[in-house]
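2 protein chains.
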Amino acid sequence: MPQGTLLYAQSGGVTAVINATAAAVIAEARARKVKVLAARNGILGALREELIDTSRESAATIRALAHTPGGAFGSCRVKLKSLDEDRARYERLLDVLRAHDVRWFLYNGGNDSADTANKVSKLAAEFGYPLTCVGVPKTVDNDLAVTDCCPGFGSAAKYTAVSVREAALDVAAMAETSTKVFVYEAMGRHAGWLAAAAGLAGKGPDDAPHLILFPERPYDEADFLARVGKIVAKVGYCVVVASEGIRTADGGFVADAGGGKDSFGHTQLGGVASFLAGRVKHELGMKVHWTLPDYLQRSARHIASKTDLDQALAVGKAAVQYALAGRNATMPVIVRTSDTPYRWKIEPAPLAKIANREKKMPANFIRRDGYGITAAARRYLEPLIRGEAPPPYGRDGIPKYVELDNVLLEKKLAGFDA
Amino acid sequence: MPQGTLLYAQSGGVTAVINATAAAVIAEARARKVKVLAARNGILGALREELIDTSRESAATIRALAHTPGGAFGSCRVKLKSLDEDRARYERLLDVLRAHDVRWFLYNGGNDSADTANKVSKLAAEFGYPLTCVGVPKTVDNDLAVTDCCPGFGSAAKYTAVSVREAALDVAAMAETSTKVFVYEAMGRHAGWLAAAAGLAGKGPDDAPHLILFPERPYDEADFLARVGKIVAKVGYCVVVASEGIRTADGGFVADAGGGKDSFGHTQLGGVASFLAGRVKHELGMKVHWTLPDYLQRSARHIASKTDLDQALAVGKAAVQYALAGRNATMPVIVRTSDTPYRWKIEPAPLAKIANREKKMPANFIRRDGYGITAAARRYLEPLIRGEAPPPYGRDGIPKYVELDNVLLEKKLAGFDA
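Heads up: the protein sequence lines correspond to chains R and B, in order.
Per my numbering, residue 4 is the first one in the first sequence, and the count goes up by one each step.
Per my numbering, residue 4 is the first one in the second sequence, and the count goes up by one each step.
Honestly, the hints are just simulated from the structure, not real lab data.
A quick note: this is a predicted structure, and the numbers were derived from the prediction, not measured.
Think of the CB as a built atom: it goes at the ideal place given N, C-alpha and C, for glycine as much as any other residue.
Check before you lean on any hint, since a few could be wrong.
Calculated from the model, a selection of chain R residues having no Cβ within reach of chain B, i.e. all distances over 12 Å [said to hold, decoys possible]:
id, residue
1, A171
2, T180
3, P221
4, G232
5, A236
6, T340
7, G373
Examples of chain R residues lying across from chain B (beta carbon under 7 Å, computed) [claimed, not checked]:
id, residue
8, S166
9, E169
10, P296
Let's have the full structure, built from the sequences with the hints guiding it.
Put into structure tokens, the structure is as follows:
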């Protein structure tokens with residue numbers, strides 16, 4: 004039995020499958036007789052010494068965790084700065100780890116978290132504290148460097164493709180006398196990965212989505228409206244998918260332009276879909292509807308991708324293996340070895356190559372006209388939404404999602420203002 | 004083999020399961036050797052003599068239709084007026100029916116459609132044309148009179164309850180450092196059936212949704228905001244479900260108040276969720292997110308309710324049986340014979356009792372404080388979302404939805420401006 008405990012923390016926006024990664028971490032650690040603590044609300048809990056004793060949860064609960072969306076231990080949006088600027092917090096972190104004999108620190112998040120895990124490993128070395136830090140990938144944004152894809156993305160991508168396909172069938176049926184243009188707003192502030200995934204909803208030239216607006220291409224209103232008009236004339240209706248992060252040529256977010264004043268003079272919250280819908284209605288005089296799925300798209304465990312779930316489980320298991328093997332400052336990443344048939348494996352990559360970097364969508368994934376995806380994009384995306392992994396449902400018609408007891412360990416240190 | 008053909012038409016907003024009803028109509032008619040025509044785009048196709056020959060579709064395609072959302076033959080938002088006001092159109096309809104030897108007319112829609120089917124039956128009698136008219140229930144709004152519930156509602160209700168549960172797990176995980184208030188906008192202009200269904204997402208007093216805003220109760224902003232504040236203080240976050248049709252005490256739609264001017268001075272399209280989110284942000288200073296699922300909620304066949312699907316199939320089959328038995332001016336309605344265990348049967352009801360009426364939500368379904376559902380509502384709603392009926396998926400990770408060839412019959416009459 005290895006000496007010490009393992010600390011696991013979730014970071015940043017949660018996904019449909021980050022808890023699957025957590026479940027795999029706990030199951031693998033238990034199999035190796037290693038005790039797992041989980042930080043409450045991510046790094047905040049680690050700083051505040053709010054540590055959850057996961058051994059209080061039954062094996063059945065941990066298995067159910069693998070089909071439960073959200074972040075079971077809580078997550079947070081807190082980024083530690085450089086070792087110099089945030090010295091007090093890094094040192095406090097080390098104090099907490101030491102107080103609970105934490106020898107393995109697993110940080111499950113995006114590129115910020117990879118950076119934090121990397122810095123913690125450096126500080127531990129500086130202080131001569133024996134600690135192995137492993138980053139565990141997660142993000143619906145799919146923007147982590149090195150890894151072929153990110154756990155969380157495939158399920159959100161599947162949600163997007165399926166929802167767009169379903170809504171398009173609805174719009175097609177009603178277009179003659181009702182809505183002619185439908186706008187779907189996809190997450191993606193900097194990269195259009197989820198908007199691109201919507202392209203999987205159709206295959207033929209007249210299939211929805213007819214237009215995809217990527218943050219990688221400037222939003223040209225005149226061109227956009229002209230295309231909408233042409234598509235409605237040809238197909239009878241037009242389904243638009245817009246990334247929340249689209250910008251005009253001068254670099255301003257279209258979503259910000261959408262925010263204005265309501266009839267009481269209050270500030271109106273912006274949104275790309277409602278803005279585009281307003282422009283279509285105003286300029287083309289067509290009936291328009293729009294949808295903003297928002298968190299639904301990243302929490303929809305009920306339509307998770309089997310590929311995504313498998314990868315979320317695999318990175319969790321590998322992270323424990325890497326930690327116990329002392330592979331410090333690494334992250335288990337997904338390596339694609341073949342498109343057809345789709346094959347992948349997990350390999351360790353240095354955190355330094357992932358920290359604070361952002362993977363953009365390759366230029367050859369966007370169609371030359373800027374409004375759709377290419378065959379190369381389909382080859383990349385399609386395996387990621389493949390396979391179904393529905394949760395079990397109760398007699399009440401709702402998935403059997405679990406909530407943990409999250410029993411905190413007794414504190415050993417004085418308080419700290421995190 | 005009965006003499007004549009059967010005409011089937013879809014009307015109004017489509018649902019996740021209206022095509023299941025269509026599939027059942029066609030399958031039952033085929034079993035009885037009756038030829039089925041389908042009007043293209045609902046009553047418009049009947050008026051224009053745009054009639055689809057469903058016999059051109061294979062049995063396998065018709066089976067697949069049962070798991071395909073949208074309206075496979077097209078639907079429309081066209082309401083015929085009184086026999087006097089719309090005489091020319093009613094007579095044209097009768098001409099078309101006569102020209103194609105239509106002896107059975109099945110109109111699949113809401114209370115408007117029930118009214119039209121009823122009027123057509125009267126006119127046929129007046130002209131001595133042997134025609135049996137049967138209304139077939141459908142609407143996500145669940146507002147048809149007589150029937151216990153409406154095919155289409157249960158699946159939208161299941162989508163709502165599951166989506167709210169999933170998003171709530173996401174918000175709960177992030178609330179400490181991110182979104183504290185989440186607003187979900189449910190369809191329902193006049194009655195809060197879908198908003199009520201969101202109540203199934205939680206059971207305990209602190210479970211989401213914490214506040215449901217019904218169109219049946221006036222929107223009182225001060226009271227609403229005070230409650231949001233209290234819930235955030237107690238639970239750490241607050242999930243709000245608002246019906247699109249909520250009104251202030253003076254009767255104005257809140258959604259209309261939400262529409263204003265964007266930063267270019269263009270008219271901004273309104274929305275209840277974005278309006279409420281803006282008020283929460285402005286008055287309480289809390290980070291807020293909102294979702295507008297819009298058509299996604301009524302087209303989400305991937306999360307259809309098994310109860311709903313079974314009922315959609317049952318009313319289609321019964322409609323053919325009633326038609327062939329000459330039960331004129333009737334609708335197959337769902338009769339609940341037991342809550343526990345849930346049992347139901349199909350019975351004929353006169354269209355005159357359904358036409359143009361609207362079923363409100365019973366007052367005892369809304370909690371006394373006006374912000375949640377009662378045990379009586381749960382007893383009614385819960386069986387309707389029970390059971391799963393996922394569509395088959397392709398290797399590409401997308402459900403195998405079908406599109407029909409929709410081959411039109413040759414016209415026999417002169418054109419008509421419908």
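Okay, the hints, checked on the actual structure:
A Cβ of chain B approaches the Cβ of A171(R) within 12 Å, the least distance being about 8 Å, so the stated non-interface status is violated. With a least CB separation of 4 Å from chain B, T180(R) falls inside the 12 Å interface cut-off, contrary to its annotation. Every beta carbon of chain B lies more than 12 Å from that of P221(R), the smallest distance being close to 17 Å; the non-interface claim holds. Its beta-carbon lying about 18 Å from the closest one in chain B, G232(R) satisfies the requirement of being farther than 12 Å from that chain.
Every Cβ of chain B is farther than 12 Å from the Cβ of A236(R); the closest lies at roughly 17 Å, confirming the non-interface assignment. With a closest Cβ-Cβ approach of about 19 Å to chain B, T340(R) is found to remain outside the 12 Å limit, as its non-interface label requires. Non-interface call for G373(R) relative to chain B: holds, since the shortest CB-CB distance, roughly 23 Å, exceeds 12 Å. Hint status for S166(R): holds, given a least beta-carbon distance of 5 Å to chain B, under 7 Å.
Contact between E169(R) and chain B, as hinted, is supported at the beta carbon level, the nearest pair being about 4 Å apart and thus within 7 Å. Satisfaction of the interface hint for P296(R) is found here, the shortest Cβ-Cβ separation to chain B being roughly 6 Å, below the 7 Å cut-off.
In summary, the structure is inconsistent with hints 1 and 2 from the numbered list given earlier, while agreeing with the others.
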